[in-house]
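Novice: Here the protein sequences come in this chain order: R and W.
So the first sequence is numbered by numbering that gives the first Met the number 0: it starts at 0 and just counts up by one.
So the second sequence is numbered by numbering that gives the first Met the number 0: it starts at 0 and just counts up by one.
These are computed hints drawn from the structure, not numbers from a lab.
A couple of the hints might just be wrong.
[Stated by the list, open to error] Quick list of in silico lysine to any residue cross-link-like pairs, SDA-like style, CA-CA up to 25 angstroms:
#	chain 1	residue 1	chain 2	residue 2
1	R	LYS418	W	GLU113
2	R	LYS418	W	ARG266
3	R	LYS418	W	GLY218
4	R	LYS418	W	VAL110
5	W	LYS27	R	GLY337
6	R	LYS418	W	ILE269
7	W	LYS43	W	VAL125
8	W	LYS418	R	ARG6
9	W	LYS43	W	ARG116
10	R	LYS254	W	ARG266
11	R	LYS16	R	ARG6
12	W	LYS27	W	ALA182
13	R	LYS319	R	GLY297
14	R	LYS27	R	ASP37
15	R	LYS254	W	ARG115
16	R	LYS418	W	ARG98
17	W	LYS27	W	ARG428
18	W	LYS16	W	ASP303
19	W	LYS418	R	ILE269
[As the list claims (entries may be wrong)] Label-pair restraints from in silico Cβ distances:
#	chain 1	residue 1	chain 2	residue 2	range
20	R	ILE269	W	ARG38	37 to 45 angstroms
21	W	ARG38	R	ASP86	55 to 63 angstroms
22	R	ARG115	W	ASP37	28 to 36 angstroms
23	R	ALA347	W	ASP81	22 to 30 angstroms
[Stated by the list, open to error] Which residues of chain W face chain R? A partial, calculated answer using Cβ under 7 angstroms:
#	residue
24	ILE122
25	ALA126
26	GLY130
Note that beta-carbon positions come from the ideal geometry of N, C-alpha and C, so glycine has one too.
So the chains spell out like this:
2 protein chains.
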Amino acid sequence: MTAVPHRAENDRSEALKSAMRLLGERAKAASERLAMTDRATKDKALLAMADAIGSRAQEIRAANKIDMDEAKAKGVSSALLDRLALDARRIEAMALGLRDIAGLADPVGRVLGEWRRPNGLVISRVAVPLGVIGVIYESRPNVTADAGGLCLKSGNAVILRAGSESWRSSGAIVAALQSGLCAAGLPETTIQMTPSQDREAVGILLSMNDAIDVIVPRGGRGLIERVVAQSRIPVIMHLDGLCHTYVDGAADPAKARAIVLNAKMRRTGICGATETLLVDRNAASLLPILIEDLLQAGCEVRGDAASQACDGRVVAATPKDWDTEYLDAIISLAVVDGVDGAIAHIRAHGSKHTEAIVTEDARTGERFLREVDAAIVMWNASTQFADGAEFGMGAEIGIATGKLHARGPVGLEQLTIYKYMVRGDGQTRP
Amino acid sequence: MTAVPHRAENDRSEALKSAMRLLGERAKAASERLAMTDRATKDKALLAMADAIGSRAQEIRAANKIDMDEAKAKGVSSALLDRLALDARRIEAMALGLRDIAGLADPVGRVLGEWRRPNGLVISRVAVPLGVIGVIYESRPNVTADAGGLCLKSGNAVILRAGSESWRSSGAIVAALQSGLCAAGLPETTIQMTPSQDREAVGILLSMNDAIDVIVPRGGRGLIERVVAQSRIPVIMHLDGLCHTYVDGAADPAKARAIVLNAKMRRTGICGATETLLVDRNAASLLPILIEDLLQAGCEVRGDAASQACDGRVVAATPKDWDTEYLDAIISLAVVDGVDGAIAHIRAHGSKHTEAIVTEDARTGERFLREVDAAIVMWNASTQFADGAEFGMGAEIGIATGKLHARGPVGLEQLTIYKYMVRGDGQTRP
Numbered sequence: 000m001t002a003v004p005h006r007a008e009n010d011r012s013e014a015l016k017s018a019m020r021l022l023g024e025r026a027k028a029a030s031e032r033l034a035m036t037d038r039a040t041k042d043k044a045l046l047a048m049a050d051a052i053g054s055r056a057q058e059i060r061a062a063n064k065i066d067m068d069e070a071k072a073k074g075v076s077s078a079l080l081d082r083l084a085l086d087a088r089r090i091e092a093m094a095l096g097l098r099d100i101a102g103l104a105d106p107v108g109r110v111l112g113e114w115r116r117p118n119g120l121v122i123s124r125v126a127v128p129l130g131v132i133g134v135i136y137e138s139r140p141n142v143t144a145d146a147g148g149l150c151l152k153s154g155n156a157v158i159l160r161a162g163s164e165s166w167r168s169s170g171a172i173v174a175a176l177q178s179g180l181c182a183a184g185l186p187e188t189t190i191q192m193t194p195s196q197d198r199e200a201v202g203i204l205l206s207m208n209d210a211i212d213v214i215v216p217r218g219g220r221g222l223i224e225r226v227v228a229q230s231r232i233p234v235i236m237h238l239d240g241l242c243h244t245y246v247d248g249a250a251d252p253a254k255a256r257a258i259v260l261n262a263k264m265r266r267t268g269i270c271g272a273t274e275t276l277l278v279d280r281n282a283a284s285l286l287p288i289l290i291e292d293l294l295q296a297g298c299e300v301r302g303d304a305a306s307q308a309c310d311g312r313v314v315a316a317t318p319k320d321w322d323t324e325y326l327d328a329i330i331s332l333a334v335v336d337g338v339d340g341a342i343a344h345i346r347a348h349g350s351k352h353t354e355a356i357v358t359e360d361a362r363t364g365e366r367f368l369r370e371v372d373a374a375i376v377m378w379n380a381s382t383q384f385a386d387g388a389e390f391g392m393g394a395e396i397g398i399a400t401g402k403l404h405a406r407g408p409v410g411l412e413q414l415t416i417y418k419y420m421v422r423g424d425g426q427t428r429p
Numbered sequence: 000m001t002a003v004p005h006r007a008e009n010d011r012s013e014a015l016k017s018a019m020r021l022l023g024e025r026a027k028a029a030s031e032r033l034a035m036t037d038r039a040t041k042d043k044a045l046l047a048m049a050d051a052i053g054s055r056a057q058e059i060r061a062a063n064k065i066d067m068d069e070a071k072a073k074g075v076s077s078a079l080l081d082r083l084a085l086d087a088r089r090i091e092a093m094a095l096g097l098r099d100i101a102g103l104a105d106p107v108g109r110v111l112g113e114w115r116r117p118n119g120l121v122i123s124r125v126a127v128p129l130g131v132i133g134v135i136y137e138s139r140p141n142v143t144a145d146a147g148g149l150c151l152k153s154g155n156a157v158i159l160r161a162g163s164e165s166w167r168s169s170g171a172i173v174a175a176l177q178s179g180l181c182a183a184g185l186p187e188t189t190i191q192m193t194p195s196q197d198r199e200a201v202g203i204l205l206s207m208n209d210a211i212d213v214i215v216p217r218g219g220r221g222l223i224e225r226v227v228a229q230s231r232i233p234v235i236m237h238l239d240g241l242c243h244t245y246v247d248g249a250a251d252p253a254k255a256r257a258i259v260l261n262a263k264m265r266r267t268g269i270c271g272a273t274e275t276l277l278v279d280r281n282a283a284s285l286l287p288i289l290i291e292d293l294l295q296a297g298c299e300v301r302g303d304a305a306s307q308a309c310d311g312r313v314v315a316a317t318p319k320d321w322d323t324e325y326l327d328a329i330i331s332l333a334v335v336d337g338v339d340g341a342i343a344h345i346r347a348h349g350s351k352h353t354e355a356i357v358t359e360d361a362r363t364g365e366r367f368l369r370e371v372d373a374a375i376v377m378w379n380a381s382t383q384f385a386d387g388a389e390f391g392m393g394a395e396i397g398i399a400t401g402k403l404h405a406r407g408p409v410g411l412e413q414l415t416i417y418k419y420m421v422r423g424d425g426q427t428r429p
């Protein structure tokens, strides 16, 4: 038998539930309006939002200072403090991001296909917004502006659930975004925050499948696993970015060296960073050079027996290493039997995010592209290109590794779905 | 405290779990093979499957007779018996369906987009299969062949869970399909049935998110609600087809009469049948004619006060009627204030399946198409066209009303997703 909760707690819980219900209803109403809004109005709002971020920079920094002070008092990690901090440059970057989104094409209303049936019916598949998007994130306050801007441009309303550390910063940013919406004559309820930092709010949000069409979690693996486990709403996300770079026996040595170093070390903390290097047994002469390059760059190398035999500074990899996304200056290294061995290793350990091959042999390259099952497969390029902007899609709200709806960078187009418009002249079905 | 289950029951449950796990592993292995299989081989298999259905018609009918006898002994409804029965014509139709699928274009490998970045990277978005599809259905044995054929052609493996009534019929059909796969050199495990009629098998299936990429339920609302509530795997489905036809004041009377009759009465039991007729207050002269047509055709009309005032034979609609999918010769009828009233009624009561307007006014027609949020919106056509074959998409595995991945008829293209292939020449990210 569970303890009977205190009446005050029950009341608070009921109040939160009804506040969340209202939030959902308002978001839904806003989304219906947004779906009918033309590009000019949405872009006007985006520019006004950018202006408001600029003109309210003081307030945003003041709110951020409170968040920072509280976080410091709690003794959070310096990495978290860095993600949380908003300086003039970062605030300017948020405004710039919104202006960039205004410059992108409107994904709504695109005619994705159109054909005429023998009976004269004309069928068009036309892009429409998803509806209401719930974004759950942690300590980066800039997600507030990015997600708000992308959802608005794609005709969606958004409910934001900021992490408790960035609560005040996010609130100040949302206030700026809402004043921009207001200036363009759009409902402020297009971009809303959950009314409470209460953890219970997340649970309620994830159960609101009548009001919310898709959930996008942004943060660490722990957050995403919790969201996936709890949600009654479809989730667009990736859990891991355990990316591999395979150097084939037919690789160009200079390309291989440049790509491996860049794929691992350019930025080690992003999901497109390579975590495991696979080297063809036939690339024996290249193996010591690749190891030397990585060690020189300050990367720890954890290898199998063959790579340890090649260089004594290679640490022994444990079975767990092949399944670990380090997000750090560490790489696991295995010698494999050609492209077959590489594909088998990736099948066993990959996270279906981004996988790359380096080879001058076109047949091997094309085979890798075709046979490896991942959102992004690359031939002679660094896995660090796994990014919406690098793909030319503009900003992205995340990267997806699921099999439904969207794979790879989730940009404006991926925040839409379609409906069929059928135009007839009185046709009836025989 | 729950009773401790009997040890034999525990053993049985464990045996089922491990059989299901094996099923999933085999399906996954088959799907990897299928993804790399060319069109010619898949079509060869489809034709061999059709031949096998034909040559094994005796066995299939014998199995069906056992199902039918058992169902009759249980005293099931005549509607269910009709769905369950397989005669020579229906068996021939299954074989024909497989031949039709062989004639459709291969949805795998389509280049959905391709562009070159300033740094020389060439990015292609290429259609790939979803992987493994779980299909859960009830008493129609022909779903076995349809689903098997569509999944194969789209490069997916499928796990079928037939209803207990059609268990033997479905098993005989699967045996024929597998012999066709074998004749084409494809793994028989491309099309598998769950090993047990046990209800527990459904629960296990819906938890196998490592092995199965999407679930497609085919059957009544009860089945679909259970599947959605239980599944840890994304589900492609529609719950209701509560379709409306709105007759505008500017409708052509002859078109309106033909469309309304066809939309309601051509077949009353399909999800694209119109369930509610909305008539513009400005179409007063048309209202009694539409009512007369429906009554003449044997349709019960349940109306609001205005339509009852128009014709005494109209029964009073209760609030529940506006939310009821009759799937029968019954229609609800409301008089509304123009297209605004129609859109408001549909927003309140529609199921986002198929909605139609009849009008000669192009502005009103286009507005309806734009503003009504449904998978399919139609202007001057019968809602009974809501069907993959009628759309020219070939066979469909179902109709989807969700917001992610696919909306409307789910045909071969909708059983694929894409991956990005990136071809470079040694590019690294600055």
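Novice: So which hints don't hold here, by number, going up?
Specialist: 8, 9, 10, 16, 17, 18, 23 and 25
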